[in-house]
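Based on these hints, arrange chain B on the given structure of chain A.
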Amino acid sequence: MVAPELGGVAFASSSVRGLTVASSIGGRTLPITVQKIIPHGTKLSNIVNDVKGMTWMTGNEHAVVRLASGQRAIVSGGPGGISFGNGQIRTLFGHTHPTSAPPSLSDFRALLRLRQSRQYVLHGGQMSLIRPH
Amino acid sequence: MALYFERNKDYNQGKYSFPAFVPNTMDVLYEFNDQTIDLEYIKNHKYGEKAIQLSVKTIEASSPENRVCNVSGNIIRNPDSYIFTGLLTSDEKEELYLYNFITLDKNNLDKWVERDLFISVAKEFISLNKWKDIGDFKYLQNLITQVK
Chain A
1 MVAPELGGVA
11 FASSSVRGLT
21 VASSIGGRTL
31 PITVQKIIPH
41 GTKLSNIVND
51 VKGMTWMTGN
61 EHAVVRLASG
71 QRAIVSGGPG
81 GISFGNGQIR
91 TLFGHTHPTS
101 APPSLSDFRA
111 LLRLRQSRQY
121 VLHGGQMSLI
131 RPH
Chain B
1001 MALYFERNKD
1011 YNQGKYSFPA
1021 FVPNTMDVLY
1031 EFNDQTIDLE
1041 YIKNHKYGEK
1051 AIQLSVKTIE
1061 ASSPENRVCN
1071 VSGNIIRNPD
1081 SYIFTGLLTS
1091 DEKEELYLYN
1101 FITLDKNNLD
1111 KWVERDLFIS
1121 VAKEFISLNK
1131 WKDIGDFKYL
1141 QNLITQVK
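Each protein sequence line maps, in turn, to chains A and B.
Quick note: the first sequence uses the working numbering, first residue 1, plus one each step.
Quick note: the second sequence uses the working numbering, first residue 1001, plus one each step.
A portion of the hints provided could be inaccurate.
In silico lysine-lysine, DSSO-like type, Cα no more than 30 Å apart, as pairs [what the hints assert, rightly or not]:
| hint | chain 1 | residue 1 | chain 2 | residue 2 |
| --- | --- | --- | --- | --- |
| 1 | B | Lys1138 | B | Lys1046 |
| 2 | B | Lys1057 | B | Lys1043 |
| 3 | B | Lys1123 | B | Lys1043 |
| 4 | B | Lys1046 | B | Lys1093 |
| 5 | B | Lys1050 | B | Lys1093 |
| 6 | B | Lys1123 | B | Lys1138 |
| 7 | B | Lys1111 | A | Lys52 |
| 8 | B | Lys1111 | B | Lys1043 |
| 9 | B | Lys1132 | B | Lys1148 |
| 10 | A | Lys52 | B | Lys1046 |
| 11 | B | Lys1138 | A | Lys43 |
| 12 | B | Lys1046 | B | Lys1148 |
| 13 | B | Lys1111 | B | Lys1148 |
| 14 | B | Lys1123 | B | Lys1093 |
| 15 | B | Lys1130 | B | Lys1111 |
| 16 | B | Lys1132 | B | Lys1106 |
| 17 | A | Lys52 | B | Lys1106 |
| 18 | A | Lys43 | B | Lys1123 |
| 19 | A | Lys52 | B | Lys1043 |
| 20 | B | Lys1093 | B | Lys1106 |
| 21 | A | Lys52 | B | Lys1093 |
Pair ranges (Cβ atoms, derived) [what the hints assert, rightly or not]:
| hint | chain 1 | residue 1 | chain 2 | residue 2 | range |
| --- | --- | --- | --- | --- | --- |
| 22 | B | Lys1093 | A | Lys43 | 46 to 52 Å |
| 23 | A | Ser117 | B | Val1068 | 25 to 31 Å |
| 24 | A | Arg131 | B | Glu1040 | 15 to 21 Å |
| 25 | A | Leu129 | B | Leu1128 | 25 to 31 Å |
| 26 | A | Lys43 | B | Glu1094 | 39 to 45 Å |
| 27 | A | Gln35 | B | Ser1120 | 39 to 45 Å |
| 28 | B | Leu1128 | A | Ser69 | 51 to 57 Å |
| 29 | A | Arg131 | B | Asn1044 | 44 to 50 Å |
| 30 | B | Asp1091 | A | Thr33 | 33 to 39 Å |
| 31 | B | Asn1129 | A | Lys43 | 39 to 45 Å |
| 32 | B | Glu1031 | A | Leu112 | 17 to 23 Å |
| 33 | A | Arg131 | B | Asp1038 | 26 to 32 Å |
| 34 | A | Lys52 | B | Glu1031 | 39 to 45 Å |
| 35 | B | Ile1075 | A | Asn86 | 17 to 23 Å |
In case anyone wonders, no lab produced these hints; they're calculated from the structure.
The beta-carbon is built from N, C-alpha and C at its ideal position, and this holds for glycine as well.
Next comes chain A alone, as it looks inside the complex:
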């Protein structure tokens, strides 16, 4: 049986609880590590550059989230996945694919499941904006 999955990145302000951003070497996801708290007013382009650079340097998947505390942060996981504990984050804004693979079916399904209108995926130096279809 295939595990129920959502996939993708939220750009709406929906609450995300007990969420796993899966896909890791060995089949295990790694819990999030907060890499940077994003100061209020930071330009999106700067956030994108940071996430891109961190992914390139480490080879780990990164995401931009709103933590339970309300702060926006860049977090990291393993080479292919990030695991979020129950209530650890409120919103998942974006993520990277260190493997350079393009947005996946999971990413598109997440839009529908989380009722979001769009999401961005950074992959191999490209940034894709995807919408439900």
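Using the frame of chain A, we list chain B on its own:
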């Protein structure tokens, strides 16, 4: 990346998480792409073991220490110079299979002796309707454009 809500703290037990590693929706391994799947399902699946092998290979080949240009052997330090083909096809019978996991420094493209052949093989693969993207981003076509 696959996302799912944990039902309890043991929810991950007995499951395997695949990275995003299959760009072609027509590939037989696409159902594993970016998904978290029961190990038992994988074990009994015709392509389960192959999916795990190639997903691990994808992560290894794209890791920072392995970003070595296939043409010159130099480590690629500039992300804007990096081209990684990834898993183009899991079918060993396809000529395109030879171009899986190729790493290229854009500065060395002129020296890549298989450049024209790759473009030809990739174009043919597309023309034979063996490739389908899930979104607006055309992965294989983009690779062709970058290599040209």
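Hints and how they fare:
1. For a cut-off of 30 Å, the pair hint linking Lys1138 (chain B) to Lys1046 (chain B) stands: about 28 Å separates their Cα positions.
2. At roughly 18 Å between alpha-carbon atoms, Lys1057 (chain B) and Lys1043 (chain B) fall within 30 Å of each other, so this suggested pair holds.
3. The suggested pairing of Lys1123 (chain B) with Lys1043 (chain B) is violated, with an alpha-carbon distance near 35 Å, which exceeds 30 Å.
4. Using a Cα cut-off of 30 Å, the hinted pair Lys1046 (chain B) and Lys1093 (chain B) holds, with the two alpha carbons roughly 17 Å apart.
5. In summary, the hint linking Lys1050 (chain B) to Lys1093 (chain B) is supported, as the alpha carbons are separated by about 15 Å, within the 30 Å threshold.
6. For the hint pairing Lys1123 (chain B) with Lys1138 (chain B), the CA-to-CA distance comes to about 12 Å; that is within 30 Å, so the pair holds.
7. Among the hinted pairs, Lys1111 (chain B) with Lys52 (chain A) is consistent with the structure: their alpha-carbon atoms are about 28 Å apart, no more than 30 Å.
8. At most 30 Å may separate the alpha-carbon atoms for a hinted pair to count; Lys1111 (chain B) and Lys1043 (chain B) exceed this at roughly 43 Å.
9. Proposed proximity of Lys1132 (chain B) and Lys1148 (chain B) is supported: the alpha carbons are some 21 Å apart, at most 30 Å.
10. In summary, the hint linking Lys52 (chain A) to Lys1046 (chain B) is not supported, as the alpha carbons are separated by about 36 Å, beyond the 30 Å threshold.
11. With a CA separation close to 28 Å, the supplied pair Lys1138 (chain B) and Lys43 (chain A) stays within the 30 Å bound.
12. Using a Cα cut-off of 30 Å, the hinted pair Lys1046 (chain B) and Lys1148 (chain B) is violated, with the two alpha carbons roughly 37 Å apart.
13. Restraint check for Lys1111 (chain B) and Lys1148 (chain B): satisfied, since their Cα atoms lie roughly 12 Å apart, inside the 30 Å limit.
14. The hinted pair formed by Lys1123 (chain B) and Lys1093 (chain B) meets the criterion: a straight-line CA distance of about 17 Å does not exceed 30 Å.
15. Distance hint between Lys1130 (chain B) and Lys1111 (chain B) is fulfilled; the C-alpha atoms sit about 29 Å from each other, no more than 30 Å.
16. Restraint check: the Cα-Cα separation between Lys1132 (chain B) and Lys1106 (chain B) comes to about 25 Å, which is no more than 30 Å; the hinted pair holds.
17. For the given pair, Lys52 (chain A) sits about 19 Å from Lys1106 (chain B) by alpha-carbon distance, which is consistent with the 30 Å threshold.
18. Proximity of Lys43 (chain A) to Lys1123 (chain B) is assessed by CA-CA distance (about 39 Å); at most 30 Å being required, the pair is judged violated.
19. Taken as a hint, the Lys52 (chain A) and Lys1043 (chain B) pair is broken in the structure, with Cα atoms around 35 Å apart against an allowance of 30 Å.
20. As the CA atoms of Lys1093 (chain B) and Lys1106 (chain B) are separated by approximately 28 Å, the hinted pair is consistent with the 30 Å bound.
21. Taking the CA atoms of Lys52 (chain A) and Lys1093 (chain B), the gap is about 35 Å. The hint is violated against a cut of 30 Å.
22. For Lys1093 (chain B) paired with Lys43 (chain A), a C-beta distance near 49 Å keeps the hint of 46 to 52 Å intact.
23. Checked against the hint of 25 to 31 Å, the pair Ser117 (chain A) and Val1068 (chain B) fails, with Cβ atoms roughly 40 Å apart.
24. At about 35 Å, the CB distance of Arg131 (chain A) to Glu1040 (chain B) disagrees with the hint of 15 to 21 Å.
25. One distance hint, 25 to 31 Å for the beta-carbon pair Leu129 (chain A) and Leu1128 (chain B), holds here, with the actual separation near 30 Å.
26. A hinted range of 39 to 45 Å for the beta carbons of Lys43 (chain A) and Glu1094 (chain B) is consistent with their spacing of about 44 Å.
27. At about 43 Å, the CB distance of Gln35 (chain A) to Ser1120 (chain B) agrees with the hint of 39 to 45 Å.
28. Remark: the range hint 51 to 57 Å for Leu1128 (chain B) to Ser69 (chain A) is upheld by a beta-carbon distance near 53 Å.
29. Remark: the range hint 44 to 50 Å for Arg131 (chain A) to Asn1044 (chain B) is contradicted by a beta-carbon distance near 36 Å.
30. A hinted range of 33 to 39 Å holds for the C-beta pair Asp1091 (chain B) and Thr33 (chain A), which are about 38 Å apart.
31. Here the CB-CB span from Asn1129 (chain B) to Lys43 (chain A) is close to 42 Å, well matched to the stated 39 to 45 Å.
32. Take Glu1031 (chain B) and Leu112 (chain A): their Cβ atoms lie about 18 Å apart, and the range 17 to 23 Å holds.
33. Separated by about 30 Å at the C-beta atoms, Arg131 (chain A) and Asp1038 (chain B) satisfy the suggested range of 26 to 32 Å.
34. A beta carbon spacing of about 29 Å between Lys52 (chain A) and Glu1031 (chain B) contradicts the range 39 to 45 Å that was offered as a hint.
35. Against the hinted window of 17 to 23 Å, the Cβ-Cβ separation of Ile1075 (chain B) and Asn86 (chain A) comes to about 41 Å, which falls outside the hint.
The structure fails hints 3, 8, 10, 12, 18, 19, 21, 23, 24, 29, 34 and 35 (numbered hints given earlier, in ascending order).
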